[in-house]
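> As a plain string of letters, each chain reads:
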Amino acid sequence: MTNPYQVLGISPTASDEEVKTAYRDLARKYHPDNYQGNPLSDLATRKMQEINEAYDTIMADRRGGGNGGGARGQNGGAHGQAGGGGNSQFADIRRLINGGRVTEAEELLDGVPKHARDAEWYFLKGSVYYTRGWLDDAYECFAQASGMDPGNREYGAALNQLNWQRQTGRVPRSQSYGGGSCSVCDMCAGLMCADCCCECMGGDLCSCC
Amino acid sequence: MFGYIKPHQPELKVRELDAYKAVYCGMCGQLGKSYGAFARLSLSYDFTFLSVLHYAVSTHTPSLAPCRCPYNPLRKKRPMCRPDKVLEFSADVAAIMLYYKLRDNLQDSRGAWRLAWYALLPFAKRAWKRAAKALPLAEQAVSQSIARQNEVEKSSSAGVDAACEPSAAALSAICALLADGEGQRRVLARLGYLVGRFVYLCDALDDLEKDKRSGNYNPFLARAAALGQRGGEPELRIEARESLYMTIGEIAKTFELLDIHTFRPILENIVYLGFRATVDEILRKKEQAK
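Chains as they are written, first to last, in our numbering: chain Y, 0 to 208; chain A, 511 to 800.
So here's chain A without its partners, still in its complex pose:
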């Protein structure tokens, strides 16, 4: 995951932002506690979202305590979620994904970067082993999705939907683990599927120009090639935006069926505003770069 799932901060109330930051800091603390200081590097908005969602659908309420940030000791103490089951779950998922991400980076990069990834790999592997033991189902879902992603990207005939499938299915399986009833499990599975699809498509839109230059696989380029379109990048971007917006609308519809106990305003902000703001921000940056 890549930090595409975040609230649209200008529309959050101050206390909602504080609560969100408390989960974010709690996530960082939990990563440090579970897997050591290096694991804090994998801290991201996406796993914070996973924790917020988890709190929202479970009856477990986070316990807050004022804490000092070890990386910014001059800042005054801020409320932070204490390590608990919910944060531990997200940290384990983060550790699993970090390991595969590092392996992927190692394959794709050259020179100094390759050396850096190589140096981090043993730490990541140790964390991954422990996390895989704690969450065997999540590890299975992620490892399968990596294998299937490689297959999809090799076959040139795959459409946009088929390209999203592995990432979406992995997040669907992970989100389904958060549920405690059959109805909620179905909602969370579809929500996870759609959010995974959103993240994958966002990444594809982000890398559109880079992939065009390097010739790497990109679902939007592949779709245009399959349809025999020789349209320029502006058309590609509009099509990508429409696919993303459609996914966001579907996420909202699914989200509305979720039984939520806490953090409703934060989740509503992410679903109704944050996702769209992320897409618009990516497109705005592209416009400016011209």
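The following block holds chain Y by itself, in its conformation from the complex:
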């Protein structure tokens, strides 16, 4: 079995606080939200499981056989694939995309007549592009889907993620690398991002925008 300290990238002499910080950083990195709709999401889920197990092992060890806990819990691991909600008219196409069979999925999508192409159609078309690495077309499709159905969380999340990357060249929520200091700009950007997230969940953080 792999060394749990190695999994978290820390030394066995690290303090409890350091273990927690390392765990939180990694959990944020591999959080299922970051890999929603990603063709590699199963690997991210596995990483998340490894991290959870490593953290539990270390914490159980340190408490002399007691149960882990503490920082862990809210990041419960795999959410599984995009739900593909009950009233989806493209359930079979969703299954194909989740199974990585994008060529078949695209054929079926292209067979849908123009007048029947709703927000979900654009979202799924975007997912096909995204899986293939055609990011610009994926972005266009997600934007179209979001525009047609602004209240949909799934479409909003996909669009927000690519939008954040377009503006910053970084992954949403991943910890800052390099400089390390948090400038006023970072705080504003963070607030903006938090507001976007709240809004796509139906709430609002800053009422002015």
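Treat the hints with caution; some may be incorrect.
[Unchecked claim] Below, a list of computed lysine-lysine pairs in the DSS-like style, where the Cα atoms sit at most 30 Å apart:
#, chain 1, residue 1, chain 2, residue 2
1, A, Lys516, Y, Lys46
2, Y, Lys28, A, Lys516
3, A, Lys523, Y, Lys46
4, Y, Lys19, A, Lys523
5, Y, Lys28, A, Lys523
6, Y, Lys113, A, Lys664
[Said to hold, decoys possible] Quick partial rundown of chain A residues pointing at chain Y, CB under 10 Å, derived from the structure:
#, residue
7, Glu675
8, Gly693
9, Arg700
10, Tyr703
11, Leu704
12, Arg751
13, Leu754
14, Glu766
15, Leu767
To be clear, the hints were calculated from the coordinates, so they are not data collected in a lab. C-beta atoms are modelled at their ideal positions from N, C-alpha and C, and glycine is treated no differently.
Add chain A to chain Y, keeping to what the hints say.
Relative to chain Y, chain A alone:
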């Protein structure tokens, strides 16, 4: 490839920079050993990145030895990676790409340059033949991508993504060869795809003004024309930057799933800082040129 994949040096630790330079020098030495002095001309940051990535995902550790640079004999000896399987792989890929690059240059240039490329071609061809024998899959991927690139650039309807596809697919196939397990193969294939896309788009951004003047194909100009936009160059540059940044974010996400044994800080520097620094540097030069 064109030297767009490099670390952001100010943020590297001294020992990390030394390690990076050791791979760079090792790459040069390997090119000389495999294909003779002329092949050293094809030395670039991009193939150094390929070697660093290869070391990182394999269990093979480089062996270092202090060496004198044959092209700069006055400089004191520096650690350098000894020729090995990893460097040989990158040198073979470099030889394959160099041959196609020369053929492409020969088509595009006139006068003295054409003569120079013509003179180099026999050497490149000999190297290419040997490299193609060593890495038939890589050679297949590159030759296919050249043919498909020509098709894409002829059809005016192709979008930015379609234009990237041939280069991206070639690098995807090459990076997939580095993997030793199915999971890692998938990660490396996507990583290679995205890095190939990044390199192609960087080159397109670099050549934006030149292509506009000469009327050559450029994916960003083609996209603007297809959308009927008559925007100026500043808008085009912003759109290009957004496409590139989006690709960088995606590269980072994919990179995080890679199991890395060595050189992690160098790769993190390239992925989190180097790519963005390259884009910003291209844009800064354009701003200054005005």
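> Now tell me if each hint is right for this structure.
Hints, one by one, checked against the model:
{"no.": "1", "hint": "Lys516(A) x Lys46(Y)", "result": "holds (28 Å)"}
{"no.": "2", "hint": "Lys28(Y) x Lys516(A)", "result": "holds (23 Å)"}
{"no.": "3", "hint": "Lys523(A) x Lys46(Y)", "result": "holds (28 Å)"}
{"no.": "4", "hint": "Lys19(Y) x Lys523(A)", "result": "holds (26 Å)"}
{"no.": "5", "hint": "Lys28(Y) x Lys523(A)", "result": "holds (24 Å)"}
{"no.": "6", "hint": "Lys113(Y) x Lys664(A)", "result": "holds (28 Å)"}
{"no.": "7", "hint": "Glu675", "result": "holds (8 Å)"}
{"no.": "8", "hint": "Gly693", "result": "holds (6 Å)"}
{"no.": "9", "hint": "Arg700", "result": "holds (6 Å)"}
{"no.": "10", "hint": "Tyr703", "result": "holds (5 Å)"}
{"no.": "11", "hint": "Leu704", "result": "holds (6 Å)"}
{"no.": "12", "hint": "Arg751", "result": "holds (9 Å)"}
{"no.": "13", "hint": "Leu754", "result": "holds (7 Å)"}
{"no.": "14", "hint": "Glu766", "result": "holds (6 Å)"}
{"no.": "15", "hint": "Leu767", "result": "holds (5 Å)"}
When each numbered hint is compared with the structure, no violation occurs for any of them.
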